[in-house]
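Chemist: Using the sequences provided together with the hints, build the complete structure.
Just so you know, the protein sequences line up as chains S and U, in that order. For the first sequence, the residue numbers in our numbering are 47 to 332. For the second sequence, the residue numbers in our numbering are 514 to 864.
By construction, these hints were calculated from the structure, which means they are not laboratory data. It is possible that part of the hints are untrue.
[As the list claims (entries may be wrong)] Just the calculated beta-carbon pair ranges, DEER-fashion:
1) S/141 with U/620: 46 to 56 Å
2) U/639 with S/59: 51 to 61 Å
3) U/638 with S/250: 50 to 60 Å
4) S/250 with U/857: 53 to 63 Å
5) S/162 with U/643: 40 to 50 Å
6) U/588 with S/158: 34 to 44 Å
No residue lacks a Cβ here, since even glycine has one placed at the ideal position from N, Cα and C.
As a plain string of letters, each chain reads:
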Amino acid sequence: MAGLGVARAVGFVAPALLLVGVFLVFPALWTLYIGVTDYQLTGPAAAAPSAVGLDNFAAVLDDALFTNSLWLTALFVLGSAVVGQNALGFALAWLLRRVRPWLRRTTEGLVLLAWILPGPVVAYLWFAVLSRDGGTLGLLLDDPTTAWLVQYPMVSLVVFNVWRGTAFSMLLYTSALAAVPPSQLETARLVGANGWQAVRDVVFPHIRGHVLTNTLLISLWTANDFTPFLLTAGGPNHESEVLPVLIYRQALEGGRLGYASAMSSLLLVGNLVVALVYLRLLRRRA
Amino acid sequence: MAGVEIGGLSTVYPNGVRAVDGLDLGVVDGELFALLGPSGCGKTTLLRTIAGLEQATDGKVLIGGRDVTREQPGSRGVAMVFQDYALFPHMTVAENIAYPLRVRRAPKARQREVAERTAAGLSLSGLLDRRPGQLSGGQQQRTALARAVAVEADVLLLDEPLSNLDARLRLEARTFLKRLQRELALTTVFVTHDQAEALALADRIAVMESGRIRQLGTPREVFQRPADTFVANFIGSTPMNLLDGVVRGDGVECVGALLPLPADLADGTPVVVGVRPEYLTVAAEGIAGRVSIVENLGVTSLVTLECAGGTLVGLTVPEQEEPAVGDALHACPAPGRLLCYGEDGLLLGAV
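Modeler: Structural data, given as structure tokens:
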């Protein structure tokens, strides 16, 4: 038999499998498990949790805070990912095709920079921009009274996430657009198609698969993004408490680990449903 | 219907390449016109500048007497077929053909009607509901042609229309294309690097090199009297013999033979003698040489003679008269087919 043989092959992948097991598979399974217990961060239930069946799930679905978070998360995903990053990323990729190379490289570099900087750094920068006391935006607008993060927390988060995440869509669409045959676009121009008609009739059918893949990825990343906590911590009064923030606060501030794990499981189910819908759409194309 | 007038046209790319260089050209209404040249000669850029896909740096493009130099491609009244046909893979043949009408928001029924009528004229009737991926190369080409002629454009532009077809299909498509153009009487400009294609299809040919026209004429003129040695070299399926010679009295001394002189030139002037292998025949006198290679071309054979000083001269002979390798023979140019070029490469005359 060619190759290493099964035993030696397993030997080589074992360290990686071990790390994946300890840091990914075990916590995931553990979350599912404690979701059906009354596990707490402190107190008697921390020492000896007992199984409570689906009580946590029933309580979560009945919880007004959870419903509020679900709605905010949907808004966050729709506004900043499905519409914001998608549209801006495509627009940048489309417009940058024809500009001078130095302008394209500079713009791409800046957009990429927003993407590769660590979350806490970026969050701090935006905090400095949006803060009421001496915030850059307030100074620029000569408006020292608006506390953007407090008065418009969701709008701030959406703008922040569009700014931060557009690079991925831009890169993906740039390479997708490179695969559209120029002669087809030129044919559209020759018969008098305007920009929108060319995108609808020529570009979109070619990049349909890319649009779906991109939307799926950025939707899931946005739904699971924890950076909003660094900007608004869910406040004021739960107004920007997207699901990852709510789960964190329930688990570590409220100490209700079992309850928060049930929420996590529901978020996971939500992600799976969204992914299945996208995959169905992708398959229908083929 | 309209002709195309081009005056002083230059197209310079941002990197400084002058793809089209101060070019003048007139294409007559209803003419089938070829832009012929080696790759990089600017023929495709010229075609794209007529279409408006490249912006002219200088000069004018007139279509049907209207200055369209600054017009958008969509409002110039031109239709174009690309080398790769540029069919939309997600649309059926009918949708592809009717796409120009869809852009103009024509009613669906009219789109279908035009698609059916155009398809019938191009033998595509049974294929209307297929996708381009399900068509043969020839059918794809006809679909692209159908899309271009479905709306009545003034001028049809074809970029290397036959180069994506295999050799046998190419001959069929060539005949088809010529017949279609005659039927529609549509002013057509096509680009090709294949001299045989240009000779066979075109009413007139512009031979291009380095963004300029080297010669403009009918296929016969371009074939029989190439204006310079570049054109002489480029046209013809077997390369023309271009031999160095010197004027001696009232003749040209060339590879050991004294050939007639077409123009009045001073004794001792160096010239280049050009004669096509097809216009050389085996005779009692003329250029003497020994047969070194015989290549079978079907009806004729191409014989390469090794002459004085190692110069190679090609001539074609009929299939029955093939000489053996090593035979000594003389090659004599047919009357009127001996061309004489000056040192600058320009034609001095023919005899």
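Chemist: All hints, please: hold or fail.
Modeler: Hints, one by one, checked against the model:
At roughly 34 Å, the beta carbons of residue 141 of chain S and residue 620 of chain U sit outside the given window of 46 to 56 Å. Distance hint check for residue 639 of chain U and residue 59 of chain S: the Cβ-Cβ separation is about 56 Å, which falls inside the suggested range of 51 to 61 Å. Between residue 638 of chain U and residue 250 of chain S the C-beta distance comes to about 30 Å, which lies outside the given range of 50 to 60 Å. Checking the proposed 53 to 63 Å range against residue 250 of chain S and residue 857 of chain U shows it holds: the Cβ atoms sit about 56 Å from each other.
Between residue 162 of chain S and residue 643 of chain U the Cβ separation comes to about 47 Å, which falls inside the hinted range of 40 to 50 Å. For residue 588 of chain U and residue 158 of chain S, the Cβ-Cβ distance of about 39 Å falls inside the hinted range of 34 to 44 Å, so the restraint holds.
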